[in-house]
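Undergrad: Top to bottom, those sequences are chains A and B.
Each residue of the first sequence is one higher than the last, beginning at 2 in the working numbering.
Each residue of the second sequence is one higher than the last, beginning at 37 in the working numbering.
Accuracy of the hints is not assured; some may be wrong.
Taking beta-carbon pairs under 7 Å as the criterion, some of the chain A residues facing chain B (in silico) [claimed, not checked]:
id : residue
1  : Q209
2  : A220
3  : G225
Derived, one-sided and incomplete: chain A residues facing chain B with beta-carbon distance under 7 Å [to be verified]:
id : residue
4  : R204
5  : D216
6  : N217
7  : M224
8  : R284
Residues from chain B that keep clear of chain A, each with C-beta distances beyond 10 Å, as calculated [as the list claims (entries may be wrong)]:
id : residue
9  : Q134
10 : M242
11 : G243
12 : G263
13 : H271
14 : D281
15 : R290
16 : T297
17 : S298
18 : S314
Honestly, the hints are just simulated from the structure, not real lab data.
From the three backbone atoms N, C-alpha and C, an ideal C-beta is built for every residue, glycine too.
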Amino acid sequence: MNATVEDVEKTGAMRRGWTVRSFATTYASQIGITVAFVVLWVAFIVLAPDTFLDNRIYVSFAQTTPYFALPALLLTMVIVSGDIDLSFPSIMGLGMVGFVAVERTTGSPELAVLAALAVGAMAGLLNGLIVTIIGIPALVATIATQFLYRGLTLALVSGKSYALVEARDSTAFRILDGRLLGIPMQFVWLVLVAIGTWMLLFRHRLGQNGHVIGDNRPAAQLMGIPIRSTRTIMFVLVGVASALAGAMQSLQVSNFYPGVGAGYLLPALAAVFVGGTSVFGGRGTVWGTFIGAFMIGAIQAGIVAMGVAAYWTEVIYGGIILAAVSIHAVLQRRFER
Amino acid sequence: MGAGEQRARRPRPASGHATLMTGEADVTSRGDGQVHVELRHIFKSFGGVRVLKDVSLVLSAGEVLGLLGDNGAGKSTLIKIVTGVHEPDSGQILFRGQEVRGLSVDRARALGVETVYQERALAEQLSLWRNIFMGRPVSGPLGFLDVRKMRRITAELMGESMGFTSAALTPDTHVTGLSGGERQGLAIVRALHFEADIIILDEPTMGLSLKETDKLLHFVKGIKTAGKSAIFIDHNIFHVYSVADRIVVLDRGRIAGDFPTSRYSLEEVTEIMREVASTGKFVEPERYRDTRAASDADEAGGSS
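Could you build all of it, start to finish, from the sequences and the hints given here?
TA: Next comes the structure, spelled out in structure tokens:
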């Protein structure tokens, strides 16, 4: 025996005790992106104090960021598992078709929300089955279903918009878009979903298996991990989260238009990657996506408020995203093993 | 479920896995001769290519079986059938005398089969504890992980079985931070933690230093002492010969030879291997046939 009792105790002590140093190296890129977030925030406050010292901008962020941050959180799980889903903006619309259908027949916005979630789950399930049963790479499959779902949305409502004004007094509205102690419910939901996602990704069999599948799929097969069902469940969860976000946004503006969700694809993906999740799978972070979403959400408003000429907006946008992703690349290579 | 019953009935090894890495190996020790795994007339094709043709094989307790063969001979397909990764087209698989149909990886693991796939089956970006418990995490009824327990067990295994004493390594260290030998240790300890008694080593010496190879071979010898059984696949005939009780030579999907190391010298095995590789057949020379017939007669009514 070359390992003594003392050694074992030493390992035990190391296991329990997080030193400042071990914490810093383990979460180096997480700390990096959080610092970047704070720096950006302070910069906005200094450069546009009128906007960024006013409560209203934060209420606005708390209401609008979740529309793409909710799908982005669950998208993080899909990407960790080695897949991708480009169809979620279309699922936001398709879910609302279910909402409108049920709302018009039953008059219940609450049932309508459930219908939207069910449609979202079905759309996600179809994505999952196409990817795992037919075996089409997720990138390709969800490019196709992205068109499919958006097309279905437009066809089913004949391209029309629906006013949802009568739902403004409903419980559904208060639950999704009301306020809790002054905090917009969209933000409350985002926090709850973020906690739930973290639990699933890091403290549940689903996430454990997803991590292995994303890191080394042949190994997952050799170890008997249920690869198909795990990947499929990930797609279903994105579908549900997207439908929820679609319902939130539509109820907030009291209007469903078939293009709802369009334009959220790149901000959501940017949030995931700015957060530090690996595009190759096997490694991801929920905190990073959460912070990343608010960075992405704030950049636009921040640049406008700073009074920079509008032509430069996208240049700065791209620069900030590149800088954030570079922070991860450098810190992960340097510290994290 | 049947798997659960099997698991309960399986005799627990007298010694824990800790001794396997470091305990004294007793090469002569044989188990109780119980048949652990038996394959009968296994056929397997992939897309019209016959990979295995009528393969029959017996693995008994306390036995280390060396599986040799060229690339494409069907070695890895054969072990993937035992581990439940692939299902044979026809033929039977028996565990402890009972036929098992529709074998899956989970089922095989429940029946006590663990495989050391070397680092190919490690998830590099994940922590040590997530690798140890890959595919079978400790979790509650709702599927939530008992992370504390998995970390604790991993820390114990690191100290006792892997001999990881470096202060830089914790259960939360990622596999990317390990050396080749450390990864090998991790893969072996993972197989042993679950009290497997049928251990399959797929090219375990690949990429190991001399010292690490010695340690590994020593460990394989220890498998016998504990009454477990092993299938040892390797390209290197010297490694296999030094630990195996029997050597099975696979050639183009067929078993070309099956002979005990006690009766064949390393030189003879090497010669046979060369012959099989060039002719595809193993013609037993007269002198071996005689001795073999004689000893088979001696052993009549024995273990098989």
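Undergrad: Now tell me, hint by hint, if it's right for this structure.
TA: Status of each hint after checking the structure:
1. Q209: holds, 5 Å
2. A220: holds, 4 Å
3. G225: holds, 3 Å
4. R204: Hint holds; R204 of chain A Cβ to chain B Cβ min 5 Å, cut 7 Å.
5. D216: With Cβ-Cβ at 4 Å, under 7 Å, it holds.
6. N217: holds, 5 Å
7. M224: Status holds, d = 3 Å.
8. R284: holds, 5 Å
9. Q134: Q134 of chain B is indeed farther than 10 Å from all Cβ atoms of chain A, at 20 Å.
10. M242: Check passes; 16 Å lies beyond 10 Å.
11. G243: Holds, since 16 Å exceeds 10 Å.
12. G263: holds, 21 Å
13. H271: Holds, because the least Cβ-Cβ distance between H271 of chain B and chain A comes to about 20 Å, which exceeds 10 Å.
14. D281: Given that every Cβ of chain A is farther than 10 Å from that of D281 of chain B, nearest at about 26 Å, it holds.
15. R290: About 25 Å separates R290 of chain B from the closest Cβ of chain A, which puts it past 10 Å; holds.
16. T297: The claim stands: T297 of chain B keeps its Cβ more than 10 Å from every Cβ of chain A (closest is about 29 Å).
17. S298: holds, 31 Å
18. S314: The claim stands: S314 of chain B keeps its Cβ more than 10 Å from every Cβ of chain A (closest is about 33 Å).
In terms of the numbered hints stated before, the structure departs from none.
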